[in-house]
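> Residue-level listing of the chains:
Number of protein chains: 2
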Amino acid sequence: MELWYSENQTDNVKFSMRVKETLFSKKSPFQQIDVIDTYDFGRVLVIDGWTMITEKDEFIYHEMITHVPMTVNPNIKNVLVIGAGDGGTVRELTRFPSIEHIDMVELDEEVVNAAFEHLPFTSSKLKDEKVSLYFEDGIKFVEGLENKYDLIIVDSTDPIGPGEGLFTVEFYKNCYKALTENGILVNQGESPYYDMNRREMKRSNKKLKEIFPICEVYQYVIPTYPSGYWFFGFASKKLHPVKDYNEEYYKSLNLKDRYYNSEVHKAAFALPNYVKELLEE
Amino acid sequence: MELWYSENQTDNVKFSMRVKETLFSKKSPFQQIDVIDTYDFGRVLVIDGWTMITEKDEFIYHEMITHVPMTVNPNIKNVLVIGAGDGGTVRELTRFPSIEHIDMVELDEEVVNAAFEHLPFTSSKLKDEKVSLYFEDGIKFVEGLENKYDLIIVDSTDPIGPGEGLFTVEFYKNCYKALTENGILVNQGESPYYDMNRREMKRSNKKLKEIFPICEVYQYVIPTYPSGYWFFGFASKKLHPVKDYNEEYYKSLNLKDRYYNSEVHKAAFALPNYVKELLEE
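So the sequence lines, in the order shown, correspond to chains D and U. Quick note: the first sequence uses UniProt numbering, first residue 1, plus one each step. Quick note: the second sequence uses UniProt numbering, first residue 1, plus one each step.
Hints are not guaranteed to be accurate.
Identical copies go unnamed one by one, so any copy, or any two together, can satisfy a pair.
BS3-like cross-link-like pairs, simulated, lysine-lysine; straight-line CA separation at most 30 Å [to be verified]:
hint	residue 1	residue 2
1	K20	K148
2	K125	K14
3	K77	K206
4	K238	K266
5	K173	K56
FYI, nobody ran anything at the bench for these hints, they're computed from the structure.
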């Protein structure tokens, strides 16, 4: 018998991985959480039928969501991470010595439990002494905060289900207030290829532009997400992700990265015409 | 009833598109050729069960395979194209006024016939007066030629089946001789993600490096190929794809491109660490 997991990437597109075994399957109060072991991608976290991370290529996502902001401002001390229950974003952040504290707010404790048990490669730093874990709604967590974080990372699912409120103007306004004067917000910025993702990419970028003076998107290639072509949003009060990029600082850290390097940082902001047109429409 | 076309991207990975109808299906002396109409990708050319081009994203492939070499040398007059029976590469080349003549050598006339009938969006320039079509083996076609072409584009399938001979040292040597002193060879350079493609990407690059003094690879994202993350090889006698890039020349052409622009050209050569490591192994 062959076991396959198929993700319905659109109504008319399926991506399927051959499965060795199911390691974890649980319906939490918020969502269906599964961890499977696959032949080509190693362990895979699936939430509500959508691939969240795979052991094979999570390094791409997690290096890009963290290294780009962290190298634009070498003085980032306090970070808020919303979502990211698998722990990969926190793992990457703890590699930067400037960081004093990370607050991580994940709605669903069961995701973190599954990660502790089955995804040691991403969850390894969630118990680091610099990290405080909160199992709460990130939307409420940022309400009323002022001048507190140098960096906020919104490591969310798509804007359907529990992730929806993380794509609203009100939420982005609260993030703006919660940021320090050199503050940067990085968010999961969707994809320009399939219609549903295109729409959300455009909407999210438009809303951020209403609030932040500097607002760019940057690309990375992660083959296990629909189309493989995905973006993060970079919204900032003062610092520009390319003009203020601190290459010397990055080199001084001597990190052994698998995807990110200084050329990749700059190239990530070079957008194909069809992506530029989508954002300018 | 729902019709689906599934590509077995590896033994353990399938990519599936929902199909409206099959427009063409024929076994030629060389291979099985199908053209299908799909919901999300428009018309799709499939050879021996592998996706060759889709109406939705062929522009990415065809702009990148042509615009990168054409803008590095504004004096390209004579071009040889091997493979590319759908016609997309020739369509893009004819947009550059420097070109005087294109020889296109496609092994399988049936692919071109299918393209004329069902893929008008790529085959539109195959009858251009600057184009000579040869239905021959490209490997034999280049044997014994000297100082004839300013650019050779090897627009091949993977190195299995009829495409295999287009990935040999002997073939690359013949291409070198067939090129003029500023000659450039661009080839389908595979992908660094799945094992089979990784192996071929490395092998092809290694062989080209034995022959050409300048040898780089450049990336593009085409979601309908396995992993979505693909490369072309750029092998050249004298001109460097980034140092000799002629941005002013490109701008003067005023082409309305959908993917390519000057920033994309340069960024295409900025490789993630895992790709660099693969090529340096």
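> Evaluate each hint against the coordinates.
Here is what the structure says about each hint:
Within a single copy, K20 and K148 get their C-alpha atoms no closer than 45 Å, and across copies no closer than 54 Å, so neither meets the 30 Å cut-off. When the C-alpha separation of K125 and K14 is checked against a cutoff of 30 Å, the pair qualifies neither within a copy, at 33 Å, nor between copies, at 34 Å. Taking the closest pair of Cα atoms, K77 and K206 come within 30 Å of each other only inside a single copy of the chain (28 Å); across copies the shortest separation is 45 Å, beyond that limit. For a Cα distance limit of 30 Å, the shortest separation of K238 from K266 qualifies both inside one copy, at 18 Å, and across copies, at 27 Å.
In this assembly of identical chains, K173 and K56 lie within 30 Å of each other by CA distance neither inside one copy nor across copies; the values are 35 Å within and 37 Å between.
Comparing the model with each earlier hint shows violations of hints 1, 2 and 5; every other hint is respected.
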